[in-house]
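Participant: Listed below, chain by chain, are the residues.
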Amino acid sequence: MLVNATPSINTRRTLQIQDVGMVFPTKRGPFVALRDINLEVQRGEFVTLIGHSGCGKSTLLNLVAGLTTPSSGIMLLQERELTGPGPDRGVVFQNHSLLPWLSCLDNVLLAVERVFSEKEGKAQLRERALAALDLVGMSHAVAKRPHEISGGMKQRVGIARALAMEPKMLLMDEPFGALDALTRARLQDELMKIVATTGATVMMVTHDVDEAVLLSDRIVMMTNGPAATIGEVLRVDLPRPRVRVALAENRDYVQYRKEVIDFLYTRHSHVEKAA
Amino acid sequence: MDAAVVTSKKTFIRVVEVWVPSNDRSTLEFSAGLYGSAKRFGATSRQMCFGLGEGLPGQAWLEGRPIVLKQFAGANFRRTQAAHAEGLTCGIALPVFAGDFLTAVLVIFCGDDEAHAGAIELWSNDPAASKDMTLDDGYYGSTADAFEFISRRTAFRQGHGLPGLAWESRLPVFQEDLGKGERFLRADSAIKVGINRGFVLPCATRGASTFVMAFLSAMATPIVRRFETWLPDADGERLTRSGGFCEATGTVPAGDGHDFIERGQGTLGRAAFTGVPMVGESAASEPGLVGAAATAAGLDAVVAVPVLHDGRLRAVVAWYF
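Line by line, the protein sequences are chains A and B. Letter 92 of the first sequence, counting from 1, is numbered 92 in this note's numbering, and no numbers are missing. Letter 167 of the second sequence, counting from 1, is numbered 1167 in this note's numbering, and no numbers are missing.
Keep in mind that the hints were calculated from the coordinates and are not lab data. Remember, it's a predicted structure, so these values are computed and weren't measured experimentally. It is possible that part of the hints are untrue.
As the list claims (entries may be wrong) - Over the 10 Å line for every Cβ pair with chain A, so calculated as not near, a few chain B residues:
hint : residue
1    : ARG1025
2    : TYR1035
3    : ARG1040
4    : ASN1076
5    : PHE1077
6    : SER1130
7    : ILE1150
8    : GLN1175
9    : PRO1232
To be verified - Some chain A residues close to chain B (C-beta under 7 Å, calculated; not the full set):
hint : residue
10   : SER139
11   : GLY231
12   : ARG235
13   : LEU238
We put the CB at the ideal spot given by N, CA and C, even for glycine.
Make a model of the complete structure from these sequences and hints.
Facilitator: This is the structure:
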């Protein structure tokens, strides 16, 4: 029997999520958080997950991060199955998660050493950490500890720490959710520049419609939980680099924004109505 | 709503014709047609036949999938002059496959005018490539730019949106007021351009890909005057009405189980029996509920379209004109 043993490999495909479901055991019985999740993310693509609270978007991000294991289905990162956390995925949380007793540089260095210490000397590791901090505009504060810098700066260090590991994917769980509007806008702009410079593949959870449209190549809209799944995917064909002020009056930007708002507040609004 | 007012409206679908393989399956021959006022176009069409890849029907046969033809001139279309003379601006060819074998090609023509608000969309999913159903092609007339913009960038999952629902159920899906329902995911854009009726038909094609055809139209330009979906029983011997919508009388209820159509009986029964779309030029003389509905609502003709999946009959759709 002739068998074609040469699988075709899509070299652009970074992440594959196939038929993933997540069920949590509870006192009242199994709780189906996610079902039938299928998604592919291409190399260099910026994908946001948007949906109401409880729709499982952070659960999905945690699954990709390897922090929890799916109840069903498989996930592949560059054709290799994900079985747990790893340095190939840099995670940025809403809470900056920096170690308070270490300086900004040492916080980043800790991550860099974990990945590159077997191949590189101390000087090279330090160079990597400094370069990452420079990328996020934090060169001036390398010696400062987290309590000495603002919330926005902490998030920048968190992003630097994630990027310094040269991950295959950057996973961000509402990274700017705890920041004031002006700081958030500035960091969004900086994130776009960083992604343009590094070509990073990003999956980001957000509640913010404008943030989703501004940053994304694709917006993955999730239905309400329980048993949430992907309902609709919107491709955002706005040219890059994207300039916030110009986009505010861009007809296409307004259309995209309306579509996401309509999905969240017209078609999938019953969570809010019930609350 | 007054039936006389409704029947005076132009329907979004202006012409329907059915092409079937010849006995030796070398060409597609004219089987039936409903031309309304486009009589000269009908006279031209009745004399024609199409080989594999020839004209709009032959192209759908060759490719084994539905085709939306938005511009006749310069395309592989052999009736351009006749179509333009009748004000027809868009043609859709829906091949009907029972498994690998073509039973017929249903060709639909629509017209475009100043008052026109409507769209025809072909959505597809290739299971080897994606879990998404995306827009394959679409005809949006002259008024639906904003709607087209979003449609071309939206992907549906199975069970979501009208295309996704038809994909999941393999059955026709209808929504009479797109702006009010949560099932139609592009409601905001649709309302803006006046589209408020949606009818989605799953297409029986050759190959693994799924195609669904969405007909979206405005109240002033209904897709057809009435439509119904009929479902076969477990043995495939009888059809029972599962529901529908009439521009004259509103929602059409499901049959009570006693008013059924036998396989082979009337236009709908013949479509169920043969797997070939059928045209009944006198809807009022059809048996049972079909004839009664046509008489009550003042409808002229009926077209029965079989909906097949994997070679099995899933439903018969009745379009009344």
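Participant: Next step is simple, just say for each hint if it's right about the structure.
Facilitator: How the hints compare with the structure:
Interface exclusion of ARG1025(B) from chain A stands, the closest Cβ pair being 32 Å apart, more than 10 Å. The beta carbon of TYR1035(B) is kept farther than 10 Å from every beta carbon of chain A, the shortest such distance being approximately 38 Å. The beta carbon of ARG1040(B) is kept farther than 10 Å from every beta carbon of chain A, the shortest such distance being approximately 41 Å. For ASN1076(B), the non-interface assignment is confirmed: its Cβ lies about 30 Å from the closest Cβ of chain A, beyond the 10 Å cut-off.
With a least CB separation of 31 Å from chain A, PHE1077(B) remains clear of the 10 Å interface cut-off, as annotated. Under the 10 Å C-beta cut-off, the non-interface status given to SER1130(B) relative to chain A is violated; the minimum distance is some 8 Å. With a least CB separation of 5 Å from chain A, ILE1150(B) falls inside the 10 Å interface cut-off, contrary to its annotation. The claim that GLN1175(B) is not at the interface with chain A holds, since no C-beta of that chain comes within 10 Å of its own (minimum 13 Å).
For PRO1232(B), the requirement that its beta carbon stay farther than 10 Å from each beta carbon of chain A is met, with the minimum near 29 Å. For SER139(A), the suggested interface contact is broken, since its CB lies about 39 Å from the closest CB of chain B, more than 7 Å. This hint holds: GLY231(A) has a C-beta 4 Å from the nearest C-beta of chain B, less than the 7 Å allowed. For ARG235(A), the suggested interface contact is upheld, since its CB lies about 4 Å from the closest CB of chain B, less than 7 Å.
For LEU238(A), the suggested interface contact is broken, since its CB lies about 10 Å from the closest CB of chain B, more than 7 Å.
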